[in-house]
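Engineer: Let the sequences and hints guide you as you build the complete structure.
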Amino acid sequence: MFDISALYEATSVQNAVELMQAHPEAALIAGGSDVLIKIREGKLAGVELISIFKLDELRGVSMDDDGTLRILPLTSFSHITQHPLIQKYYRVLGEAVDQVGGPQLRNIGTIGGNICNGVTSADSGSTQVAYDAMLEILGPNGKRTLSIHDFYKGPGRVALEPAELLTAILIPKESYENCYGYYTKYAMRNALDIATIGCSVNAVLSPDKKTLERVRIGYGVAGPVPLRARGAEAALKGKPVSEETLDIAAKAVQDDVHPRTSWRASEGFRRQIIGETAKRGLRASIERAGGAF
Amino acid sequence: MQKQLIRCNINGKDVEAYVDVRASLTDMLRNDYRLTSVKKGCEVGECGACTVLIDGEAFNSCIYMAVWAEGKHIRTLESLIGPNGELSDIQQAFVDEAAVQCGFCTPGFIMSAVEILESGKEYTRDELKKLLSGHLCRCTGYENILNAVEKTMKKRLGKE
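Chains E and P supply the protein sequences, listed in that same order. Quick note: to get the working numbering, add 24 to the position in the first sequence (first position is 1). Numbering follows the working numbering, in which position 122 of the second sequence is assigned residue number 109; successive positions increment by one, without gaps.
Careful: at least some of the hints might be erroneous.
[Claimed, not checked] Label-pair restraints from in silico Cβ distances: (1) E:166 / P:128: 52 to 58 Å; (2) P:142 / E:37: 43 to 49 Å; (3) P:114 / E:292: 31 to 37 Å.
The hints are simulated quantities; they were obtained by calculation from the structure and are not laboratory data. Even for Gly, the Cβ is constructed at its ideal location relative to N, Cα and C.
Structural biologist: So, in structure tokens, the structure goes:
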């Protein structure tokens, strides 16, 4: 038995907002792989839950008329990985979430929950910031759209106001077009582990595949929330495809990150991984984009 | 406490029961339906001992709310046994390969194996390792479990 005092099941997205207004103390539960575990640990003793799990209208991936990729928040990690639109246009996200937990976790964990929990080690977080995801949020005052960069507020804190919930993750066409990415999860175990560092790199090459037109680098666990290495990105723009450019990346990212020492790893070790994953991720992204060294 | 009528299909049979809303699917399957192959291990989704198939996909039933089972097709290890108690091929393979010692992880492993086998795909040893990585076994060292799943996969695909 879970130590909860009440369970309210939302019958629609609108109803979920109403339930959150009526029960402001209640916690929202999607797939439950964070919330139910916190309950098991006794951290939320006696909590009221609002479940949105059965809202199938919040599942799936589609493309808008303007080419925007629309990812609905209750889509499970395994369904993200298997989805043809993700495989075609946003492969790196499918690969990143294929490294979350283990197979059963990937069947229950949701892409929306992975962002809304505000956790820096979330395997999709670095990729979503690296692709400038836009978030559609519904609340008592209707719909609003927010950049993921304004969404993360601090460890475990996001920009959801009371009674608001995430209803879609949008990836604009200019973000994924001609863009190839690569995600590295560095962890002690190959499964059922939390990233020591997550690094998601993506690159757009010039038509002759010799120059970097745009590079974006996102990190998890390199700071309190998933972050972008903007200084390194600026330093890499316009650089030729070469081994030297990879070294520039490894060095430049150091000024963009704020890793800490924890029981998992020291700051120094994290910085080593941060540099190495930038380098390897950029190499893989360039190769996927058709560039050669 | 709040109770709710949950209708679902368990091991091929349509069933319904009033279930405590605080129950996990593990609680419901064990307490209301006496399906004790569904083991309570870590209860936080790490060990995989409680794995069942829901609409064909493997889930940790310990972190799945019983009320979410409404309308779902659920399969546990009990569904694999023949009418006269015969073992299925994958169960027999676990016996033959000595993939069972204490047995606590076995039902969960076998249910993940069922999802793998029913996909009809051929996986490499490394892919099988990844597909079974949501289970912990403290006895066997995994090799015999992998052997059992791999051999059954090959047999079903007519490659052995």
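Engineer: Look at each hint and say if it fits the structure.
Structural biologist: The hints, checked one at a time:
For residue 166 of chain E and residue 128 of chain P, the hinted distance range of 52 to 58 Å is satisfied, since their beta carbons lie about 57 Å from each other. Distance hint check: the CB atoms of residue 142 of chain P and residue 37 of chain E are about 47 Å apart, consistent with the given range 43 to 49 Å. Checked against the given bound of 31 to 37 Å, the beta carbons of residue 114 of chain P and residue 292 of chain E, roughly 35 Å apart, stay inside it.
Hint violations for this structure: none, all hints satisfied.
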